[in-house]
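Numbering-wise, the sequence shown is residues 1 to 590 according to UniProt numbering.
Simulated from the structure, these hints should not be mistaken for laboratory data.
A virtual CB, placed ideally from N, CA and C, is assigned to each residue, including glycine.
Accuracy of the hints is not assured; some may be wrong.
Quick list of in silico lysine-lysine cross-link-like pairs, DSS-like style, CA-CA up to 25 Å [unchecked claim]: (1) K321 x K230; (2) K481 x K230; (3) K388 x K377; (4) K482 x K230; (5) K481 x K325; (6) K394 x K377; (7) K325 x K339; (8) K394 x K382; (9) K394 x K381; (10) K321 x K482; (11) K339 x K321; (12) K230 x K325.
Across the chosen pairs, the derived CB separations fall in these ranges [what the hints assert, rightly or not]: (13) T566 x V403: 43 to 53 Å; (14) G60 x P378: 45 to 55 Å; (15) L295 x D116: 27 to 37 Å; (16) Y171 x V36: 20 to 30 Å; (17) F466 x A543: 25 to 35 Å; (18) Y37 x L205: 15 to 25 Å.
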Amino acid sequence: MPSPTGALSSSASQYFSIIDYAVFGGMLMFSAAIGVYFAFFAKQKQNTTNEYLMGSKSLGIFPISMSLIASYISGISLLGIPAEMYSFGSQYWVVIISEALVSLTMAVAFIPVFYDLNITSSYEYLRLRFNQPVRLMGSIIFMIKMMLYIPNVIYMPALAFNQVTGINIHYITPVVCLVCIFYTTLGGLKAVVWTDTLQTVLMFLGVIVVMVLGTIQVDGVGVVIERTTKGDRLEFFNFDPDPTARHTVWTLTFGNYFNWLAACAVNQAMVQRCLAMPSVKQANKAILILTFGILSIVSMCCYTGLVVFAAFHDCDPITRKLVGKSDQILPYYVTQISKYVPGLPGLFVAGVFSAALSSMSTGLNSITAVFYEDFVKPSVKKPWSEAKASFVMKVVVVIVGSVCVGNVFLVEKLGAIIQVVKSLSGITAGALLGTFSMGLFFPWINSAGALAGGISSILLVSWISFGTQLNIAAGRITFPKKPLSVEGCSAAELAGLNLNQTIFYSATQTDQEVFYLFRISYLWYTVIGVSTALSVALVVSFATGANKPSDMDPRLLSPVIRRFITFNSKSDNEQAIELQKAQEKLLSKT
Numbered sequence: 001m002p003s004p005t006g007a008l009s010s011s012a013s014q015y016f017s018i019i020d021y022a023v024f025g026g027m028l029m030f031s032a033a034i035g036v037y038f039a040f041f042a043k044q045k046q047n048t049t050n051e052y053l054m055g056s057k058s059l060g061i062f063p064i065s066m067s068l069i070a071s072y073i074s075g076i077s078l079l080g081i082p083a084e085m086y087s088f089g090s091q092y093w094v095v096i097i098s099e100a101l102v103s104l105t106m107a108v109a110f111i112p113v114f115y116d117l118n119i120t121s122s123y124e125y126l127r128l129r130f131n132q133p134v135r136l137m138g139s140i141i142f143m144i145k146m147m148l149y150i151p152n153v154i155y156m157p158a159l160a161f162n163q164v165t166g167i168n169i170h171y172i173t174p175v176v177c178l179v180c181i182f183y184t185t186l187g188g189l190k191a192v193v194w195t196d197t198l199q200t201v202l203m204f205l206g207v208i209v210v211m212v213l214g215t216i217q218v219d220g221v222g223v224v225i226e227r228t229t230k231g232d233r234l235e236f237f238n239f240d241p242d243p244t245a246r247h248t249v250w251t252l253t254f255g256n257y258f259n260w261l262a263a264c265a266v267n268q269a270m271v272q273r274c275l276a277m278p279s280v281k282q283a284n285k286a287i288l289i290l291t292f293g294i295l296s297i298v299s300m301c302c303y304t305g306l307v308v309f310a311a312f313h314d315c316d317p318i319t320r321k322l323v324g325k326s327d328q329i330l331p332y333y334v335t336q337i338s339k340y341v342p343g344l345p346g347l348f349v350a351g352v353f354s355a356a357l358s359s360m361s362t363g364l365n366s367i368t369a370v371f372y373e374d375f376v377k378p379s380v381k382k383p384w385s386e387a388k389a390s391f392v393m394k395v396v397v398v399i400v401g402s403v404c405v406g407n408v409f410l411v412e413k414l415g416a417i418i419q420v421v422k423s424l425s426g427i428t429a430g431a432l433l434g435t436f437s438m439g440l441f442f443p444w445i446n447s448a449g450a451l452a453g454g455i456s457s458i459l460l461v462s463w464i465s466f467g468t469q470l471n472i473a474a475g476r477i478t479f480p481k482k483p484l485s486v487e488g489c490s491a492a493e494l495a496g497l498n499l500n501q502t503i504f505y506s507a508t509q510t511d512q513e514v515f516y517l518f519r520i521s522y523l524w525y526t527v528i529g530v531s532t533a534l535s536v537a538l539v540v541s542f543a544t545g546a547n548k549p550s551d552m553d554p555r556l557l558s559p560v561i562r563r564f565i566t567f568n569s570k571s572d573n574e575q576a577i578e579l580q581k582a583q584e585k586l587l588s589k590t
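Go ahead and model the full structure; you've got the sequences and the hints to work with.
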């Protein structure tokens, strides 16, 4: 098989037939057609900011729910989770516990505040609660986060496409991303949401087909359990309290709870879709559907990884050099069973790319909303015409999308994708979640404290994350992988392979001389970031004159906190919010 960046080879191209290319091409054509429809043929054209960014708040529960699921599940999940199961075992499956709890927290403590304030950008809340500098800090951190995330999202399906076709990822990436930029630019939020719906269906279909066929191919669920147990892959209750342990029950529940809370509850990409619903009640129903969707797709991806291991339990393709990176193990497996199902590689790759395109389009649309609402709007003296504002937002989509495509080629130099993505996202996640938590749950914190806390958080976690990655690259930090075997391979399958030079994964030890914080599990990064932000913010706030909770506008605090505070009559901040709303209403009429 070719390397991730290799040229097309005949041995690889045989896996992708005309039917496969038709399935994959059909997904791209339908996605582009949706953008064209909402740009030129829909009753409501995408020529106002409200329509382009919020869909006029007329979208239903089903498409928003599908879009929320698609926003969370990317190619990173569809390929990275099975690779995680294959290389490290099933401990990661425990992550679904924290993901269920996050949805409940999001619906009860966060979304009602954003909805009551009737805002477009979630970072507008930071200005209302603190001041403009804090808002800009949050917006900048978010855009950095998405610029780091989107290239990883694109790279994973390109890797899968390369595995089943042999086509260089540098060729396929720009082509597919151009389609995404095209429909996102033309169709706005409605195009993004409805393409997400199509892509979510394809995503589920692809995973289900591979999972079912794989189970049948290895002779049933019982064989999967037997082989994964024998191969030391089944592990769910590692209660090791050591923070340097990569995956334990504690890191995947408590640690990941904060990680995913940052990714959902205060992430513009998720919040914007909830705010596009006609009411907060419908938004909460969409979040409930999101919960079941996430639990289903993550569990299926985990099980699929175990199925793949059961298939290769005694003849590992990584050891045999048939797969360049562990993240390609699922695409390789699909090529092995595709001979029995015409079009399966095309369906699988279409599903993986659908997950990537939905995440990319969501990211581009949310970055545009933040850039326009938080940077452009406050800086112009006279409100722009809707046509001019719409044009500027479309230009932003094109520019940001192009930069993200360029950054894809840096991603291939990194290691295991799940760990890399969460390590990088932890840099910004802790600072963002910490800053919003200050406003929602800690009425004493003032703007000076919020600014100091957010900056301190991102600096500390950046230092830890980059220090860790440098030590991993230098080989001073390693992670124990589960054993792999080639005992069942035939002589022909092992021909030309020098087993003396083959790496057999076994337990390895991290160099204890490496600084302790560089050895800590990446799933604790967000917890560290939030704790740092809140601690610094509280100290600075009380040192510079903390707020009086009774003087706060209750709408700026989470419903969880309001019940414990006795508020005075209308605060200056509350009156300012009402004045702003009255002015916006007047402007909309004129």
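Discussion item. For each hint given before, does the structure comply? Return the numbers of the non-compliant ones in rising order.
Written reply: 14
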